[in-house]
Structure formats: C-alpha cells, structure tokens
Amino acid sequence: MPVPAKHRIFTTAVAKVYPYYLAKAEKKGRTQAEVDEILRWLTGYSQRQLEGELKKQTDFETFFQKAPRPNPLRSEIKGVICGVRIEEIEEPTMREIRYLDKLVDELAKGRPMEKILRPGSAAKTG
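Residue numbers for the sequence shown follow the numbering used here, so the first one is 1 and each next one is one higher.
Derived from the structure by calculation, the hints contain no laboratory data. Bear in mind the structure is a predicted one, so any value in this text is a computation, not a measurement. From the three backbone atoms N, C-alpha and C, an ideal C-beta is built for every residue, glycine too. It cannot be assumed that every hint is accurate.
[Unchecked claim] Only pairs whose alpha carbons sit at most 25 Å apart, straight line, appear in this in silico PhoX-like list of lysine-lysine:
no.: 1; residue 1: 55; residue 2: 109
no.: 2; residue 1: 78; residue 2: 55
no.: 3; residue 1: 109; residue 2: 16
no.: 4; residue 1: 115; residue 2: 55
no.: 5; residue 1: 28; residue 2: 78
no.: 6; residue 1: 66; residue 2: 56
no.: 7; residue 1: 109; residue 2: 24
no.: 8; residue 1: 66; residue 2: 55
no.: 9; residue 1: 28; residue 2: 115
no.: 10; residue 1: 78; residue 2: 115
no.: 11; residue 1: 109; residue 2: 66
no.: 12; residue 1: 78; residue 2: 66
no.: 13; residue 1: 16; residue 2: 6
[Said to hold, decoys possible] Using C-beta positions, here's what the derived DEER-type ranges look like:
no.: 14; residue 1: 57; residue 2: 115; range: 15 to 23 Å
no.: 15; residue 1: 109; residue 2: 84; range: 29 to 37 Å
no.: 16; residue 1: 29; residue 2: 72; range: 28 to 36 Å
Input sequences plus hints: build the corresponding full structure.
Okay, structure coming up:
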C-alpha cells in the first residue's frame, strides 16, 4: 500500500509563508513584533532562534518538530480555519500549522495579545 504523500505545506519553508503572516497582520495595523510574539508563544523559540530558523529556510515540519517548548496552552486554540475545525485535525504537524494560522487570524481581527495568548480567550471562538 503506497504511503500518502506529505502535504506540500510540510516541506515549505516557514520563511516563505512568514511574509504573508506579516502582511495580513500589518494590513490591520498590527506589527511584526506581535507576529513574532505569537510564533515564540506557540513554539518556545527565542527571538534569536526564530530568526535563525527563518534564515535557514527551515520547513514547517522541522520547525514544529524542533520547537524547544511547545506551549501546552495551544490545545486551547479552537475554531475553524480554512473550513476545518482545528480540534478535529489528527495530523500533529498540520494541527500546529493551523494553530499558527488561527492565532495570526485573531491578531488581524484586532484581538488584544493577552486574549490571543491565554486559555479561555477569544482565540477559542470561530
């Protein structure tokens, strides 16, 4: 039985998608610092480590596998992104990517950072 091919996003460099996250946030008056804070909160990377992974063109799968301290509160991120309910995504890497997408969405919608980055927050809606 053939092994299903990995989704293309897994082998895409985070640095290739990062400008789209920034553009989405900045279009709504948010900042690169806030996007970076979301990435750090989600993964445990320091700012220096994050910048290093972007510079190295690390792919999404490796980026999340190597994350130093995945935030245990990330499982509190609920809702729908790209038509899919996050809590129903079984593939771990895809779920991590969708967590990130959802947090950037919340940022672009004007949610305060303290609500985005804690459980029981608006980041659960969707």
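Cross-check of the supplied hints:
no. : hint                 : result
1   : 55 / 109             : violated, 28 Å
2   : 78 / 55              : violated, 30 Å
3   : 109 / 16             : holds, 22 Å
4   : 115 / 55             : violated, 30 Å
5   : 28 / 78              : holds, 22 Å
6   : 66 / 56              : holds, 13 Å
7   : 109 / 24             : holds, 10 Å
8   : 66 / 55              : holds, 15 Å
9   : 28 / 115             : holds, 17 Å
10  : 78 / 115             : holds, 13 Å
11  : 109 / 66             : violated, 29 Å
12  : 78 / 66              : holds, 23 Å
13  : 16 / 6               : holds, 18 Å
14  : 57 / 115: 15 to 23 Å : violated, 32 Å
15  : 109 / 84: 29 to 37 Å : violated, 18 Å
16  : 29 / 72: 28 to 36 Å  : holds, 30 Å
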